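Peer 1: Okay, here's what each chain looks like letter by letter:
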Amino acid sequence: MDLRLSGAEATAEERAAVDALLDPLLGPRDVDGRAGPDSGHEARGRRHLLLPALHAVSDAVGFLSEGALNHVATRLSVPPADVYGVATFYAMFAVEPRAPRVVHVCDDVACGPYGGEDLATRLTAELGPEGSGADACWVRSPCLGLCERAPAVMFQLAGEPDFSHAPAVGEDVVRAARGATAAAAADAAFADPGVSVPQTRSPRGGSLTLLRRIGVVDPTSLDDYRAHGGYETLRRAVDLGASRVVQELKDSSLTGRGGAAFPTGVKWDGVATAPVRPHYLVCNADESEPGTFKDRVLMEYDPFGLVEAMTIAGWATGCERGYLYVRGEYPLATRRLEHAIEQARRRGYLGEDVMGEGVTFDIELRRGAGAYICGEETALLNSIEGFRGEPRNKPPFPSVSGLFGKPTVINNVETLYNVLQVLDVGGPAFASVGGERSTGTKLFCVSGAVATPGVYEVDFGTTLRELLTLAGGLRGELRTILLGGAAGGFVMPDQLDVPLTLEGAREIGATLGSGVVLAFDTDADLVGTLRRIAAFFRDESCGQCVPCRVGTVRQEEALARLERGTPIGDRETELALLDDLARVMRDASICGLGQTAPAAVGSALALGLLDRPDPTTNGKASAWVPR
Amino acid sequence: MGTPVMLGAITRMVTLTVDGRDVRVPEGSTILQALHEEGTAQQADTPTLCWAPNLAPVNACRVCVVEVEGSRVLVPSCARTVEDGMVVRTDSEKVRHSRRMVLELLASSVDMSQAGDDVARWMTEYGVDADRYGPPAPPAAAGERDRRRAGHHHAPDGSHAETVAQPVKIDNDLYVRDYSRCILCYKCVNACGTDAQFTFAIAAAGRGFDARIATEYDAELPDSACVYCGNCIGVCPTGALKSVREHELRENDDWHPEDETVTTTICSFCGVGCNLELHVQNNSIVNVTSPSDHSVTHGHLCVKGRFGFQHVQNL
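Protein sequences, first through last, are from chains W and X.
Per UniProt numbering, the very first residue in the first sequence carries number 1; after that it's consecutive.
Per UniProt numbering, the very first residue in the second sequence carries number 1; after that it's consecutive.
Hints were generated in silico from the structure; no laboratory data involved.
Among the clues, some could well be false.
[Unchecked claim] With the Cβ distance kept under 10 Å, some of the chain W side facing chain X (calculated, not the full set): (1) Ser-6; (2) Leu-69; (3) Asp-82; (4) Arg-388; (5) Arg-392; (6) Gly-551; (7) Val-553; (8) Leu-562.
[Stated by the list, open to error] Which chain W residues stay away from chain X? Per the calculated CB distances, all over 12 Å, these: (9) Tyr-114; (10) Val-174; (11) Arg-178; (12) Thr-209; (13) Ser-221; (14) Glu-232; (15) Gln-247.
Note that the structure is a prediction, hence the values are computed from the model and not measured.
Note that beta-carbon positions come from the ideal geometry of N, C-alpha and C, so glycine has one too.
Please take these sequences and the hints and turn them into a complete structure.
Peer 2: Below is the structure:
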């Protein structure tokens, strides 16, 4: 294939940014600026570097110019139309000039009412309308995964590392937008893990397992990690042997913590015994479900734990390479993990001879670029491979044909930390906590109208009421709880005694999802929350299939009409329409995003959460009184 | 001497149940192939939009969904391979609802008026009511949809149904791109890419409802990698891509498909031997296609075969 490029040339800076990434990986360029033939396996084998290359340009200059895109296309032998298609898929990339300092302001369900909107107002006054400004601009963002510290902002900067502020103070955000703050200082604000994990405050509450090292180990020191039991589990795993490790996992009944709750042991077994080679491991750290921040907290405060768990997973399933796909909006977690991987590699815990055991395993960190859909496992695979993050048709499942078409294990971050626990106590002992498909402990992301938001670790089977008590109780009078995230549903005050298990949640028609517990008090604007959730799915749909692409648009429009009190026909017609939309999205969408996009809206309507007393109907509840 | 007998690959047959009736098809077939080849007239009439006989299944439109026992959600019949013992239902309420809604969502957001008689018939049969989403929003200005950014849209007030309506893109002499009619079936992208042409001039860009088919930086076609093979036109199901000739005739109200004749011939430009179908209206060639089941072309042509017919008419 001959690439046909426009005449636009990359600047020296753009060129240098791309080449600094690619030269060590691809070797020197030939006279055409390419790294080898433009067709065949070798050329196609470079495509997976597309997202890293686009990041390199965006990190350096803040946007992707036509010239830079041509340079990336040339070096990777990817057609420019394809590069453009990938670049425009991600919210963090801009394909037209924009300010070198971009403030992403979270206005999602947790942050919006807790200062996010105020920040947006303040920044509009200081920096101008959304998206405008020569040196600095601000844009609205979906959940940044810092809900326990609401409100949150993330600074995406050209030429220097990104960082977050949470809780964000208007004054400081404005100063940082104007260049007064750097990443190191911003990271220091996250030094106290007690803010994110209140159970680590003294006296340490309960017996923490997944969170046991948080606040105890120095997340930047491998020695400190080892001093606190680090890498003992890998040693134990090697002593047990790979098949025993898989058996322990099966015995533990551990289920995936990403939301789908698939049995981890079965997944590992499938890949471990797959005849096709090589095998790949992927850690899904693209945590983006609104209201979810548990994986971020684990990665920020115990990064070596994830590196060790991935090493065990890779070794047990016959993978020599693991990809760690971290959400693009997680700059601190990314820094901590990059450092941890580097340290582990240097000390022989990653590489060609892990711990002197003759095992080869290494980890490559990949950054997302602003796409909730890439948390869907097959979309994530496409993203790593350098394609648009569009989900694949299943079957075949990733354990048969995953990354680069090879058998692939994909595990969520929390699941992998659980693997350490399974091997520490043994499968049967792990399974003795909780029961059925809900064994072990579970992390919950508690935020909103509670006294002490944060990540909480509790045994499966703990009731929602107990969890809320652990979080210091409620602020104000409870109206409802969003359980499971935007893809989950609402739980009412009379349902607080539900045991938090997969089965218990299902019994009341809810889902644990990614562990979101977002509390709303009676003053909360639930209509606004629903609108935000509908807008979220409208923004995050990949656009591949009709039910989700158009359905999310129509759902948002119908909600807007109900909110304004201007239904087409009457309210019943609109509710029927929403129900029709929900059914086609749930039944016929390709992936879980479309299938769950109507979940929260449907749940709120079914529970009558949007009904308000209307004085004109003698106090009888009448839904959707315009605000 | 007898006629030589062509031995095909030896294939195992699998048995599946379709609406209660056992059907035997070769292993590796898709459910849709089973419906086409062994189904009743109604089963064979499964609606499709993003599927084409000469392309790999795209699996994007979801109008061909069926129920498969054991699957929580509906499955695309175009892409799902049959398995022995599979139990398929094609006419349940769940299936009909999703098909109706897919057609309805498209009809409410895309101009489907040139999508062909089958699509119009399916819309009637499945009871599509595109008007219930409100009056369509005014068309976007030229280029506006191309500049939309992933993850950022203006909150609607619901008074209008958002659509993909926008001006037609005419930037060359051979074909137009009328993206008001684009259902984003990806067929043009795949025909331009790995399914036929390997030119890769176009790709899907943007995300969600703002996704669109685009060249890099929305460059005009003459500035892109396009080689004008027209294979994208050949697979477009809705008239979003069509020859300039057809576009002009339609604009001038001079398009008469009912009077069209089709003459099959062989392309005279080179020795490959591509079958051509000359579509003639009013004694003038308006389009050239090739049969999708032709062993040489599989329905795809090059710029000469597709557009190089003027000399025929200059006699």
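Peer 1: Taking the hints in turn, state whether each one holds.
Peer 2: To see whether the hints hold, each was checked on the structure:
Hint on Ser-6 (chain W) holds. Least Cβ distance to chain X is approximately 6 Å, under the 10 Å limit. With its C-beta approaching chain X no nearer than about 7 Å, Leu-69 (chain W) sits inside the 10 Å limit, and its interface hint holds. Nearest Cβ of chain X to the Cβ of Asp-82 (chain W): about 5 Å, under the 10 Å cut. The hint holds. With its C-beta approaching chain X no nearer than about 6 Å, Arg-388 (chain W) sits inside the 10 Å limit, and its interface hint holds.
A cut of 10 Å between beta carbons decides the hint on Arg-392 (chain W): the least distance to chain X is about 9 Å, and the hint holds. With 10 Å as the threshold, the beta carbon of Gly-551 (chain W) comes within range of chain X, its nearest partner Cβ sitting at about 6 Å, so the hint holds. At its closest, the beta carbon of Val-553 (chain W) sits 5 Å from a beta carbon of chain X; the interface hint therefore holds under the 10 Å criterion. The interface hint given for Leu-562 (chain W) holds, since its Cβ lies 8 Å from the closest Cβ of chain X, which is under the 10 Å cut-off.
For Tyr-114 (chain W), the requirement that its beta carbon stay farther than 12 Å from each beta carbon of chain X is met, with the minimum near 20 Å. Against the 12 Å criterion, Val-174 (chain W) stays outside the reach of chain X, whose nearest CB is about 22 Å from its own CB. Remark: the non-interface label on Arg-178 (chain W) is consistent with the geometry, its nearest Cβ contact in chain X lying 23 Å away (cut-off 12 Å). The Cβ of Thr-209 (chain W) sits about 32 Å from the closest Cβ of chain X, beyond the 12 Å cut-off, so the non-interface label holds.
The beta carbon of Ser-221 (chain W) is kept farther than 12 Å from every beta carbon of chain X, the shortest such distance being approximately 37 Å. Annotated as non-interface, Glu-232 (chain W) keeps its C-beta farther than 12 Å from every C-beta of chain X; the closest such distance is 41 Å. The claim that Gln-247 (chain W) is not at the interface with chain X holds, since no C-beta of that chain comes within 12 Å of its own (minimum 27 Å).
No hint from the list above goes unmet by this structure.
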